[in-house]
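Residues per chain, in single letters:
Protein chains: 2
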Amino acid sequence: MARRIRVARDRNQTKGTPASPYIKRTLPFFDVLDEEQLEKLEAQVDWIIQDVGIAFRDDPVALEIWKEAGAKIDGDIIRAPADWIRDLCKSAPSEFKQLARNPDRSVIIGGNNQVFAPIYGAPFVRDLEGGRRYGDIDSFEKLVKLTYMHPNLHHGGLVICEPCDVPVSKRHLDMIYAHMTLSDKPHLGAITEMSRAQDSVDMAEILFGKEVMDKNCVIMGNVNTNSPLLVDKVVTEAIRTYCSRGQGIVVVPFILSGAMGPVSTTASVTQAMAEAMMVCAFSQLVKKGAPFVLGNFLSSMSLKSGAPTFGMPEPIISNYVVGQLARRVGLPLRCGGSLTASKIEDAQAAYESADSMHSTMLAGANFVLHAAGWMEGGLCTGFEKLIMDADRLGSYQKLLAGADMSDDQFARDAYMEVEPGGHFLGSSHTMRHYQTAFYNAELSDSDNVESWEDKGGMDMRRRAFNKWTSMLDNYEQPAMDPATAEALTAYVAKRKEEIPEMWY
Amino acid sequence: MARRIRVARDRNQTKGTPASPYIKRTLPFFDVLDEEQLEKLEAQVDWIIQDVGIAFRDDPVALEIWKEAGAKIDGDIIRAPADWIRDLCKSAPSEFKQLARNPDRSVIIGGNNQVFAPIYGAPFVRDLEGGRRYGDIDSFEKLVKLTYMHPNLHHGGLVICEPCDVPVSKRHLDMIYAHMTLSDKPHLGAITEMSRAQDSVDMAEILFGKEVMDKNCVIMGNVNTNSPLLVDKVVTEAIRTYCSRGQGIVVVPFILSGAMGPVSTTASVTQAMAEAMMVCAFSQLVKKGAPFVLGNFLSSMSLKSGAPTFGMPEPIISNYVVGQLARRVGLPLRCGGSLTASKIEDAQAAYESADSMHSTMLAGANFVLHAAGWMEGGLCTGFEKLIMDADRLGSYQKLLAGADMSDDQFARDAYMEVEPGGHFLGSSHTMRHYQTAFYNAELSDSDNVESWEDKGGMDMRRRAFNKWTSMLDNYEQPAMDPATAEALTAYVAKRKEEIPEMWY
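Going down the list, the protein sequences come from chains A and B.
Oh and the first sequence: position 267 is 267 in the numbering used here, straight run, nothing missing.
One gets the numbering used here by counting positions in the second sequence from 1 and adding 1000 to each.
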């Protein structure tokens, strides 16, 4: 069936920006802890796994799987020898490829590779002219198109916004169909119910064919544990559906320190590691070697209101710490993103997003959901925010390439041409390199104030609005084999008939 | 004379924020280069020092000093054995204290310490209600007061904006007088002419007394080399004035890669190191052991217009690289800041400033001029930008404290109190720690959208405006011994009579 897939030749890329299916990092990781500190953290992870335990609730099949493997079960709480759990984690790949239907867009998740995807799960959207409103399928499709077109986003994620005008019970079908047909980048599948996970996997089989799917990761689910220390059936059923087919799973403890974890970054990180590692072990019991991404999402809170805060020093530190811990367990990491509590695309949004993302990047996060478009603590997807964040992601892309130490970068010949106090503008070294020397941040205005005012004195938000509207004007749908398209359409139609309409 | 100085007891601190005279960092540095790469860079630094040479121009005394020390001089170009230059650099202290007139505010520059100061040198100012205009002495004094009051700014710098309504020839007197009397934080002196440097040093002697000044660094000058490869008399005369009195000097090659250096970050960093090290060597010939800060200011440029750009990946990498190189030479480092090319306090300003400052901070910059208030590539000081940036500096302060690995942060008792799926809000560990667990970013709004709208839907810029205007309403001048105040006033009056009025 693989032969059915045609590659879109028109990449819809922003002119002049190289296509980059994902980032191969050469910059070193920023490791903030020494061996002794790491061992102290790991000892607590082991203590949580062995002595505190993690509950696996509401899915008797999951308990059965643990039982068969020989785990000690107390009610629904699993306590297990940490060595055994660490061994099981080792059977998951430290890096793996997720195929895209366009092979040029397949991504490697893990190791020195970093993959950026947009915001996931926001019920609201906002743009400069339309204001704030519930997400709908029209906005959703526009966001899928923009993600497809933007060279700095490597992966589609899934719920770029909630299409709230489609019944909850059928929404996943429209979302997956949009990702599969409007884009050719890799994306995620649904997880909210086992049948929806099943639909996702079945649609992926239509798109990629059984043979390809048997041998490759072509779709993944992204699930949250129910922190603290609880794994519910949404997680275990998603794993049973995705991993049993050899597909990937991203498991993310979401811990607001002080609520779902102790009011301590140190403790919250160890708890998150313990939860994710236990779930990884479970995934390996379901299918040895299934691709697993260890997730982490720690948030601090406002001391005034208890509301979650983003871009703050505590989650920034946790990104660096968890990066080190994940590498030691040997699992690909999801953490961070361009996160903010701001309601609009103002300086707060950008300060918080940049600090959050800078640390996400230096920490070596392999799969970054929420890398663009996140506002309001994740409640709202911003069209301008998506494009602004994505513009900055290009800058990180350059940074992750590290310092260029090739001989020509030392420019010795240039020093032979230039006098003290002179300038290098005309030197032959400059002529050779100036077109590629610097990252071109399209949405940053570096003109002087007079030129900027002459052009209308637009802030970055207005420039981002102009950018995404013009991108949509130039959108071209990537080609797809008509038989595949037809099969997908038929599947969605059939399932929509079968599934009862539910709005909650 | 030291006994004359009284300490201001009212700190004018923002309530609830601890006074923090400077940052003692415990977070490790982010080192991006390995030994081989470092040696390759250092080999080029040595080559520039030995074979290319640096011109010392327009100050015959400087050439005489080099000649007496035995340097090879070709016209005005000095080429020197790199070992000798590196040895001279070693005689400068790797860290030193700059006294403030309030001893609680003295700062350590070098080592694991980081000191933040506001923007330097902007001819324009901007605020939300007054708009963009030339700086004047009224704005200048307000900016000095705000810097004095803000707990996250440790040092006053000097030219927070240019007071353009005061003649150029007398401006330095008013600026230094304002720093000395309206604030009690450490600050810089003037450098634009030798007589102005002399006034700065003489006023510092009035403030601190000869005895204290003989034994301590109480003032520093901040000068730029004339890159590429040229050191003019502004630099050498400032060094002769400050260093001969045992006072400090900050020397900063400002290199726009492609103009004042090759269009390569790698080459530009080596050139900047060579220039600064040659000047450091000169400072040590003037006075062995004089405090010297190795500066670095690299900028990338827009490929469209040739305009300087800020917050881009190339200068970010250069911050990390130069941090490593400076530590190996053993000199305190000045680099980076909250830099941006944006004309207003929008998302561009914040993204660029945050990425620039995040790297400045992780690189271990010991003295950070331009840490707050910088806009428009340095042409404009923003009142809101100053307060917004300074708010974020508090977050970095927390981050630089590193991960807290004390036993109580592991919260083992909390896990004994909480059920799977429960919450930690009421646990005794939370009660013990919640008031100090998280950085309180005063200007970040984390409310939900409804509350935020109810309060007026203000963006961060408006909140910053409200903040700085209310700070000024609550300003109280720090106490000063009347005799000292009188002596300073008399000095300024006398010098203003002596100096001819010049407007250029």
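Keep in mind that the hints were calculated from the coordinates and are not lab data.
Any given hint could turn out to be false.
Said to hold, decoys possible - A few chain A residues that face chain B, going by a derived Cβ cut-off under 10 Å, partial list only: (1) D165; (2) V168; (3) G289; (4) G330; (5) G421; (6) A441; (7) R461; (8) F465.
Said to hold, decoys possible - Derived coverage of chain A by chain B (criterion: at least 3 residues anywhere in the stretch with Cβ under 8 Å from a Cβ of chain B; other residues may be distant): (9) 28-34; (10) 189-199; (11) 264-270; (12) 346-356; (13) 410-416.
To be verified - Straight-line C-alpha distance at most 30 Å; calculated DSS-like pairs for lysine-lysine: (14) B/K1398 x A/K304; (15) A/K398 x B/K1304; (16) B/K1040 x A/K398; (17) A/K24 x A/K455; (18) A/K215 x A/K494; (19) B/K1398 x A/K40; (20) B/K1304 x A/K24; (21) B/K1398 x A/K398; (22) A/K145 x B/K1304.
Built from N, CA and C at the ideal position, the CB exists for glycine as well.
Verification of the supplied hints:
Taken as an interface hint, A/D165 does not check out: its beta carbon lies about 20 Å from the nearest beta carbon of chain B, beyond 10 Å. Violation of the interface hint for A/V168 is found here, the shortest Cβ-Cβ separation to chain B being roughly 22 Å, above the 10 Å cut-off. Nearest Cβ of chain B to the Cβ of A/G289: about 29 Å, over the 10 Å cut. The hint is violated. A hinted interface residue such as A/G330 counts as satisfied when its beta carbon comes closer than 10 Å to some beta carbon of chain B; here the least separation is about 22 Å, so the hint is violated.
Restraint check, A/G421 versus chain B: the minimum CB separation of about 4 Å is within 10 Å; hint holds. Residue-level restraint check for A/A441 holds (minimum Cβ-Cβ distance to chain B is 6 Å; threshold 10 Å). Restraint check, A/R461 versus chain B: the minimum CB separation of about 6 Å is within 10 Å; hint holds. Using the Cβ-Cβ criterion of 10 Å, the hint placing A/F465 at the interface with chain B is not satisfied: the shortest such distance is roughly 12 Å.
Given a C-beta distance limit of less than 8 Å, the hint that chain B covers the region 28-34 of chain A holds, as 5 residues qualify and 3 suffice. Counting residues of the region 189-199 of chain A whose CB lies closer than 8 Å to any CB of chain B gives 0, which falls below the minimum of 3, so the coverage claim is violated. Here's how the region 264-270 of chain A fares: 5 of its residues keep a CB closer than 8 Å to some CB of chain B, so the rule of at least three is met and the hint holds. Note: the region 346-356 of chain A has 10 residues with beta-carbon separation from chain B under 8 Å; the three-residue rule is met and the coverage holds.
Counting residues of the region 410-416 of chain A whose CB lies closer than 8 Å to any CB of chain B gives 5, so the stated coverage by that chain holds, three being the minimum. Restraint check for B/K1398 and A/K304: satisfied, since their Cα atoms lie roughly 18 Å apart, inside the 30 Å limit. Proposed proximity of A/K398 and B/K1304 is supported: the alpha carbons are some 18 Å apart, at most 30 Å. This hinted pair checks out: B/K1040 and A/K398 have alpha carbons roughly 22 Å apart, not beyond 30 Å.
Among the hinted pairs, A/K24 with A/K455 is inconsistent with the structure: their alpha-carbon atoms are about 38 Å apart, more than 30 Å. In summary, the hint linking A/K215 to A/K494 is supported, as the alpha carbons are separated by about 28 Å, within the 30 Å threshold. Only pairs whose Cα atoms come within 30 Å are accepted, and B/K1398 paired with A/K40 is accepted, the gap being roughly 22 Å. With a C-alpha separation of about 28 Å, the suggested pairing of B/K1304 with A/K24 holds against the 30 Å cut-off.
The straight-line distance between the Cα atoms of B/K1398 and A/K398 is roughly 28 Å, inside the 30 Å bound, and the hint therefore holds. For the hint linking A/K145 to B/K1304, the alpha-carbon distance of about 28 Å falls within 30 Å, and the restraint holds.
Of the hints listed earlier, those the structure fails to meet are numbers 1, 2, 3, 4, 8, 10 and 17, in rising order.
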